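Listed here are the chains, written in short residue letters.
2 protein chains.
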Amino acid sequence: MKAYLAGPDVFLPNAVEHARRKVEICARLGFEGQPPLNEDVAALSSMAEEEAWQTIYRKDVAMMEACDIVIANLTPFRGISADSGTLVEIGWFLGRGKPVFGYSNSAASFAERCRAYAAALPDPIPGLSVEGFGLPDNLMIPGAVLQAGGHPMVVPADGQDRPFDSLEMFEACAILAARHLGKAG
Amino acid sequence: MKAYLAGPDVFLPNAVEHARRKVEICARLGFEGQPPLNEDVAALSSMAEEEAWQTIYRKDVAMMEACDIVIANLTPFRGISADSGTLVEIGWFLGRGKPVFGYSNSAASFAERCRAYAAALPDPIPGLSVEGFGLPDNLMIPGAVLQAGGHPMVVPADGQDRPFDSLEMFEACAILAARHLGKAG
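Listed in order, the protein sequences are those of chains W and X. So in our numbering, spot 53 of the first sequence is number 259, and the numbers just go up one at a time. So in our numbering, spot 138 of the second sequence is number 344, and the numbers just go up one at a time.
Isolated chain W (complex conformation) (with noise of 0.2 angstroms):
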């Protein structure tokens, strides 16, 4: 069984390695991590912007049709919500009817967020309004990790933000897909 493995951790200045650390934590609990990693691709330096940009893509694209499912880190980044290429990854997975698994380090919910970033970033145009519902992100995010998966998000349990490159929110959210993959398996 195979696990896209979802995130901004791709951006991360330590991405391999990162991404190592991950794939191991997925192989302890008994299922393989796939990390969308730019580095795997070939000759990406030597390309011209519109052919990398397509063909990362692409990679990335046949990487999720050949997992059975998706872990996606949804720390938010630069911004109120989670990474966007990864929010674009997460519905493909719903749309595919393939199970979601999602996490954030983030403790802070969805409208406290867009609070101290209104006071940083004044809105485009006044009286916008903001999604309360005590939610980790906008209701689409863990509805689609509720519906897909079957769980809510993985956040801190006792509300402390975690570092932005913590993996214990991933190693928590990995231990819940690992049971659904062993009850599909």
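Quick caveat, the hints were computed from the structure, so don't treat them as lab data. Predicted model only: the values in this text are computed from it and were never measured. Just so it is clear, CB atoms sit at the ideal spot from N, CA and C, and this is done for glycine as well. Please note: incorrect hints may appear among the correct ones.
Unchecked claim - Using C-beta positions, here's what the derived DEER-type ranges look like: (1) X:329 with W:249: 24 to 30 angstroms; (2) W:358 with X:207: 33 to 39 angstroms; (3) W:255 with X:226: 38 to 44 angstroms; (4) W:246 with X:328: 27 to 33 angstroms; (5) W:253 with X:369: 32 to 38 angstroms; (6) X:328 with W:247: 25 to 31 angstroms; (7) W:207 with X:227: 45 to 51 angstroms; (8) W:352 with X:230: 32 to 38 angstroms; (9) X:378 with W:236: 46 to 52 angstroms; (10) W:250 with X:264: 36 to 42 angstroms; (11) W:324 with X:222: 22 to 28 angstroms.
Claimed, not checked - From the derived model, a few chain W residues whose C-beta atoms are all more than 12 angstroms from chain X: (12) 229; (13) 231; (14) 233; (15) 235; (16) 236; (17) 246; (18) 248; (19) 290; (20) 295; (21) 302; (22) 362; (23) 363; (24) 382.
Starting from the known structure of chain W, arrange chain X on it as the hints suggest.
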């Protein structure tokens, strides 16, 4: 033919009137626009939070199921990228193999927005990379639009941002969708 009208438009203070204008543009072009307005959910205000958000989630997914294509407002929203719920939705249409059309009222590249954002709100750890490629958002987004709709994202050709609630780019995108639906039908 029905088009799901995804976007942060639902958060506008005049969301119902704004949706009506979008639906009128679609009707003029010969197809039906379906805006996922929460105002259409009866008794939402009397529900507990968990029932309310799950009701909205199920209503939106059912509306997506009933639509043939999506026209997504991918204008950046409270961060470097498009609205998070909208991104899950375009991923869903991509996963289902249904056409995806998308536009943005922002003329800036993703890399330009990332740099401006980092000046106001520093990254959580140093050294996180920024995608280049001259694209309007994370490559998964123009990638999904190009693969599933056959066109690049519609953005201001003159390099000038449009107001957040402008419908000029929406109309240009709806014309592309109408041509596609004309060929398909």
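Hint-by-hint comparison with the structure:
Here the CB-CB span from residue 329 (chain X) to residue 249 (chain W) is close to 29 angstroms, well matched to the stated 24 to 30 angstroms. Between residue 358 (chain W) and residue 207 (chain X) the C-beta distance comes to about 36 angstroms, which sits within the given range of 33 to 39 angstroms. A hinted range of 38 to 44 angstroms holds for the C-beta pair residue 255 (chain W) and residue 226 (chain X), which are about 40 angstroms apart. Between residue 246 (chain W) and residue 328 (chain X) the C-beta distance comes to about 29 angstroms, which sits within the given range of 27 to 33 angstroms.
Taking the beta carbon of each, residue 253 (chain W) and residue 369 (chain X) are about 36 angstroms apart, inside 32 to 38 angstroms as hinted. A C-beta distance of roughly 29 angstroms is found between residue 328 (chain X) and residue 247 (chain W), which places it inside the suggested range of 25 to 31 angstroms. At about 48 angstroms, the CB distance of residue 207 (chain W) to residue 227 (chain X) agrees with the hint of 45 to 51 angstroms. Residue 352 (chain W) and residue 230 (chain X) have their C-beta atoms about 35 angstroms apart, which keeps the hinted 32 to 38 angstroms range intact.
Look at residue 378 (chain X) against residue 236 (chain W): about 50 angstroms separates their beta carbons, and that is inside 46 to 52 angstroms. Range check, residue 250 (chain W) to residue 264 (chain X): Cβ separation about 41 angstroms, and the 36 to 42 angstroms hint holds. Here the CB-CB span from residue 324 (chain W) to residue 222 (chain X) is close to 23 angstroms, well matched to the stated 22 to 28 angstroms. No beta-carbon of chain X is positioned within 12 angstroms of the beta-carbon of residue 229 (chain W); the least distance is around 20 angstroms.
A cut-off of 12 angstroms between C-beta atoms confirms that residue 231 (chain W) is not in contact with chain X; the least separation is 20 angstroms. No beta-carbon of chain X is positioned within 12 angstroms of the beta-carbon of residue 233 (chain W); the least distance is around 26 angstroms. Under the 12 angstroms C-beta cut-off, the non-interface status given to residue 235 (chain W) relative to chain X holds; the minimum distance is some 26 angstroms. No Cβ of chain X comes within 12 angstroms of the Cβ of residue 236 (chain W); the nearest lies about 26 angstroms off, and the non-interface call holds.
Residue placement check: residue 246 (chain W) keeps its beta carbon more than 12 angstroms from all beta carbons of chain X (closest about 15 angstroms). Chain X leaves residue 248 (chain W) outside its interface by the beta-carbon criterion, the shortest separation being 18 angstroms against a cut-off of 12 angstroms. For residue 290 (chain W), the requirement that its beta carbon stay farther than 12 angstroms from each beta carbon of chain X is not met, with the minimum near 3 angstroms. With a least CB separation of 6 angstroms from chain X, residue 295 (chain W) falls inside the 12 angstroms interface cut-off, contrary to its annotation.
Look at residue 302 (chain W): its CB is around 4 angstroms from the nearest CB on chain X, not clear of 12 angstroms, so calling it non-interface is violated. For residue 362 (chain W), the shortest C-beta to C-beta distance to chain X comes to about 15 angstroms, beyond the 12 angstroms cut-off, and the non-interface label holds. Non-interface call for residue 363 (chain W) relative to chain X: holds, since the shortest CB-CB distance, roughly 18 angstroms, exceeds 12 angstroms. With a cut of 12 angstroms on Cβ distances, residue 382 (chain W) stays outside the contact zone with chain X, its closest approach being about 20 angstroms.
The earlier numbered hints that this structure contradicts are 19, 20 and 21.
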